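With the sequences and hints as input, model every part of the structure.
Take 1 as the starting number for the first sequence in UniProt numbering and just add one per residue.
Derived from the structure by calculation, the hints contain no laboratory data. Treat each hint with caution, since some may be false.
Subject to a maximum C-alpha distance of 20 Å in a straight line, what follows is the list of computed PhoX-like cross-link-like pairs (lysine-lysine) [stated by the list, open to error]:
#, residue 1, residue 2
1, K184, K259
2, K54, K19
3, K44, K155
4, K212, K200
5, K46, K19
6, K112, K155
7, K91, K46
8, K32, K91
9, K54, K32
10, K155, K131
11, K19, K44
Just so it is clear, the structure is predicted and the values come from calculations on it, not from any experiment.
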Amino acid sequence: MPELPEVETVRRGLVALVKGRTIERVIVRYPKMVTPEAPIFVEKLKNQKIIDIKRRGKYLLFNFSDDLVMVSHLRMEGKYSVVGRQEPYGKHDHVIFELDNGQDLRYNDTRKFGRMNLVSAGEEMQIGGLKTIGPEPTPETLTLEYLTHQLRSRKRGMKSFLLDQSMIAGLGNIYADEVLWLSKIHPQQVSNTLTNEEIKLLRESIFAELGKAIEAKGTTVFSYLNADGHAGSFQNQLNVYHRQGLPCHRCGTLIERIKVAQRGTHFCPHCQVLR
DNA sequence: AGCTGTGTTGCCCT
DNA sequence: CAGGGCAACACAGC
1 MPELPEVETV RRGLVALVKG RTIERVIVRY PKMVTPEAPI FVEKLKNQKI
51 IDIKRRGKYL LFNFSDDLVM VSHLRMEGKY SVVGRQEPYG KHDHVIFELD
101 NGQDLRYNDT RKFGRMNLVS AGEEMQIGGL KTIGPEPTPE TLTLEYLTHQ
151 LRSRKRGMKS FLLDQSMIAG LGNIYADEVL WLSKIHPQQV SNTLTNEEIK
201 LLRESIFAEL GKAIEAKGTT VFSYLNADGH AGSFQNQLNV YHRQGLPCHR
251 CGTLIERIKV AQRGTHFCPH CQVLR
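See the structure below:
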């Protein structure tokens, strides 16, 4: 379940491993995964050099020579890896980029939910969720004024608010729960009832949490692995996610798990009281 | 065999 | 229009 820290970790791995390489050939084994349709996707990428790899929210943006951009979203279980060309394909290797150094960049996705969209440079922000994506969660882009306005001008459960990529880019189920615990806000607290102090703390918690998670190279739960096949370590610093029944790190009360916005939601019933 | 989980879109309902 | 509920996508693991 790659969220911003995991996608950023993947991006950094890809920059180190494939930036500057040229794609000799692309093989699409699951055509539904790519846009435009596979034969065109394959033809356009032939002989393209990978100039840079950027990120916006949970989206990866591959910049190619010839003014092409590939927008890649890993959804739940998408993974990139770089391996020797002789390595047999895995069952869930769906797109293979053969590079000019004898290696393959392979996209593996058990659930086949990930998508790659190849467009002309300048058109990438028109794709799917990028059209409506909210600010990156950095102090410069996620201002206190913006956050206060968005929270106050609607009545939404806080978990649902934090998961909404058009409000803030990059948070997913794990970090939404963690950020709410750090801020001592109940997941179902309604957005327009937060105090100024709570909003400030929430904003600082978002920066602190994502910063620490990126530093730890992301969280490894279930199936997530980095681009180089190594696991992140932030799961060791989680305070609530997947800790139902275990004592709260602040007060010792047992962490509870409920369903909010159709998602498993973890919180401390003592620290995060619904008002 | 049926349920769950995970991100996102899109549709339905209030 | 706003916001929540839920199905769909696809699969492994229980």
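Results for each hint:
This hinted pair checks out: K184 and K259 have alpha carbons roughly 18 Å apart, not beyond 20 Å. Taking the CA atoms of K54 and K19, the gap is near 11 Å; set against the 20 Å cutoff, the hint holds. For the suggested pair K44 and K155, the alpha carbons sit about 46 Å apart, so the restraint of at most 20 Å is broken. Distance restraint check for K212 and K200: the Cα-Cα separation of roughly 18 Å lies within the 20 Å cut-off, and the hinted pair is therefore satisfied.
Proximity of K46 to K19 is assessed by CA-CA distance (about 16 Å); at most 20 Å being required, the pair is judged to hold. For a cut-off of 20 Å, the pair hint linking K112 to K155 is broken: about 35 Å separates their Cα positions. Taken as a hint, the K91 and K46 pair is broken in the structure, with Cα atoms around 24 Å apart against an allowance of 20 Å. Only pairs whose Cα atoms come within 20 Å are accepted, and K32 paired with K91 is accepted, the gap being roughly 16 Å.
Of the supplied pair hints, the one linking K54 and K32 is violated, its CA atoms being roughly 24 Å apart against a limit of 20 Å. Proposed proximity of K155 and K131 is contradicted: the alpha carbons are some 23 Å apart, above 20 Å. At roughly 18 Å between alpha-carbon atoms, K19 and K44 fall within 20 Å of each other, so this suggested pair holds.
Against the hints set out earlier in the document, violations occur for numbers 3, 6, 7, 9, 10.
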